[in-house]
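Enquirer: Chains as they are written, first to last, in the numbering used here: chain A, 599 to 1064; chain B, 599 to 1064.
Just so you know, these hints were derived from the structure itself, not from any lab.
Bear in mind the structure is a predicted one, so any value in this text is a computation, not a measurement.
Beta carbons: idealized from backbone N, C-alpha and C, even for Gly.
Hints may contain errors.
What the hints assert, rightly or not - To spell it out: a stretch of chain A is covered by chain B in this simulated footprint if at least three of its residues, at any positions, have a beta carbon under 8 Å from a beta carbon of chain B; those stretches are: (1) 608–614; (2) 652–662; (3) 716–728; (4) 825–839; (5) 888–897; (6) 921–929.
There are 2 protein chains.
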Amino acid sequence: MAHVYNDPVDFKDDMVEGFLSAYSRYVERVPGASAVMRRGGPQRGKVSVIIGGGSGHYPAFCGTVGPGLADGAVIGDIFTSPSAEQAYRAGRALEGGAGVLFSFGNYAGDVLNFAAASERLTAEGIDCRTVLVTDDVASAPLAEQHKRRGVVGDFVVFKVAGAAADRGDPLDRVEALARKANAATVSFGVAFDGCTFPGRDQPLFSVQPGFMDVGLGIHGEPGIRTVAWMPARELAGILLEPLLAEKPAGAVRAAVILNGLGATKYEELFVLWQTLAGLFIEAGIEPVLPEVGEIVTSLDMAGCSLTLTWLDPELEELWSAPADTPAFRRGSMGAPRSFATEGLSDSPATAGDTEPSPAAAAPPVGEPSRAAARTARLALRAMLETVTAAADELGRIDAVAGDGDHGVGMVRGLRAATSAADDAGQAGAKGVLQAAGAAWADKAGGTSGVLWGAILTAAGAVLGDQ
Amino acid sequence: MAHVYNDPVDFKDDMVEGFLSAYSRYVERVPGASAVMRRGGPQRGKVSVIIGGGSGHYPAFCGTVGPGLADGAVIGDIFTSPSAEQAYRAGRALEGGAGVLFSFGNYAGDVLNFAAASERLTAEGIDCRTVLVTDDVASAPLAEQHKRRGVVGDFVVFKVAGAAADRGDPLDRVEALARKANAATVSFGVAFDGCTFPGRDQPLFSVQPGFMDVGLGIHGEPGIRTVAWMPARELAGILLEPLLAEKPAGAVRAAVILNGLGATKYEELFVLWQTLAGLFIEAGIEPVLPEVGEIVTSLDMAGCSLTLTWLDPELEELWSAPADTPAFRRGSMGAPRSFATEGLSDSPATAGDTEPSPAAAAPPVGEPSRAAARTARLALRAMLETVTAAADELGRIDAVAGDGDHGVGMVRGLRAATSAADDAGQAGAKGVLQAAGAAWADKAGGTSGVLWGAILTAAGAVLGDQ
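Chain A extracted, bound-state conformation (with noise of 0.2 Å):
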């Protein structure tokens, strides 16, 4: 369990801070927004990769932000997306001309909240594109490819996509070699204990002492079975075997991750790999610079995970490439590139210009809205009480089928969205529910904040202002 915290409602906050100040040689806040970036902002002319996601999981996704890897992450609270305008907010501040990126793993939080700041970010002509992760083989068959969770996949990935940009390539080039390596990467892991929340004394899920749980994801989504625990020699081959049967005819060279979740350590890891080295021989597979560690974290959950990437030379060139972050080095990065600074049209998404234009000025506000404004202003106080007084209850609900927060993550959505409509002043129904709803999706984050957000601001919009 987490020992290390002050209030846990600050817990991401609180974490930002201190890795932009402990980092800050490498890192700096997109200003306004929970969101980090290199040190010294986008460079003019360059793809901007940007990844993101909950916390809770260093070193994704803040701790490989730098040269040959991403440009920006958006942080999200423990194990929950962040918000459409967090995210949006990002891309503005790093769009350098040459669009943008947004890639991470595949959860409904992450592609509902990316997706509104991506539709903002075209919309005002940013050219803005999506590649999700989708390397998790224990969660949808090879058919459903694309209904697959991203794990440590996600790593290999933004490398890729971060390696392309850096040496110059275009968007669609970019987005295309991402989406390859999302194609040729699979993982698959198992969990012997579960993790806790910061302030929390129970786990977010546990595991059967003596057992191992195979295929459970990285936010303790349930596993497809129950097994009792075995000896390092047999679960090597556990891990590796559903791997195996997704080889490509002609595979040989792949990028090789085994990845520790938290409470597993670097020795019990080469202890794995031992058996796995002798493994990778009998299946003709050639490990390129693998890596042993703790790359995708969660908590403090004990288990591991095995992530191979097939390399084509195309794939494992930009696999080899240097990079440099707070949490991931490899080789020399040199002189950094310069880009062209000619010839690119003076888009909307110049740095620094970051905050939305002002709305025109509102037509006056009618009575009856006013009155109707009352009511909603009432409606989210009652529901903050009722949903503040059942979080246990949701949290656990949650904790059978998902992460856990939900509980969590609506308090902090309607004690937003109450205390925004209450700012409101003397706003109708459409300016109070569209306040409450905007400060709900961006305070919340997850996929019921975008929800509730989009609930209520399109009840603000049918009911109007007068």
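Use these hints to put chain B onto chain A, whose structure you have.
Expert: For chain B alone, kept in the frame of chain A given last:
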């Protein structure tokens, strides 16, 4: 607890095999030894920095072998010093004509075993120096700094020595700089929960839930006080205050490491850094290239520690120098420096010539000594049976005062000793006891290994073969 292992007795050997395989681009085995060295072995004319200690602390120690850091690492069993024989073999194999620096944390077992190795190397004409790391302020007062344990300060001292050796400094200078780095380095830590040896289901020690053990050592050595849990913003002061108490007048710039012990994860460390950053400013300290992460772990122990090294320009240059190792990389190494290969005497330490010369033909063994040898074999076997039956109790007692491995270590040593005594065939008392002593010291490692090895060897010398 550990979940990934085969036979716990083989854990270290399995781990070393896996490490060598996964990171073969960095390291290779020291021939015939439980030790690793930079790929390609020693460089002629360069001082060799050899580090070591028990395992269970990765990245310490083998994870930091590579250009800019150590030349080799001797690897003991979990929380157990490597044997003198292994340290000797590493010294022989890695000496490149410019001498050897042994450096390791100040623990009785390591001190005894490396000292025995150093004596043998010196007797064979190799210039061998030793720098103990003594940074843990919780373990002795400043006036008895030489009695302090070595914890994360190990890494800083190794980094400084490694950088000095790689730029071509002679042994006197490398030794002096390592001593200076050690004198300038202070660490202090806390633990929230114990760690568990592979194959055990009970932790080595435990911390009462809701409390933290302040000053606890990296092998579970008792701390200086137990206090109630406190928020990160208060914990930051607890960690920094005893280090500030030893701040030299005028010290401003400091290397800083905020280290996680295994289960206390990165996000928690960043939350702690948020407060530390402000405290550094208040105290007039400027962190130089700080590292927040896992540098010296203790299996899956929950806890963290803070390390400061007061930097002058000389130490800062070495702390900042590039390094490229499996677990720690900084900057760009560039092409490896060439060292002089002329003018060096053809010392007895030529790499590859690692086998000690066979003993001169011995006089025949007398029958009384053969009878004594049979008694010695029976005595060893009785010891093995007695100690095996008492192994759990020996471990329990040792867990109160030390690291809980005394039962396991004694059994490992006695098994090796009885086996070697049996293999000694028609030897007399001296031959049998010296074979048993050498095997015990080599296979058991630790303090008890080197002491029992010395006892049996000395008894054999007194009894003789007649």
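Enquirer: Run through the hints listed earlier and report the numbers of any the structure violates, in increasing order.
Expert: 3
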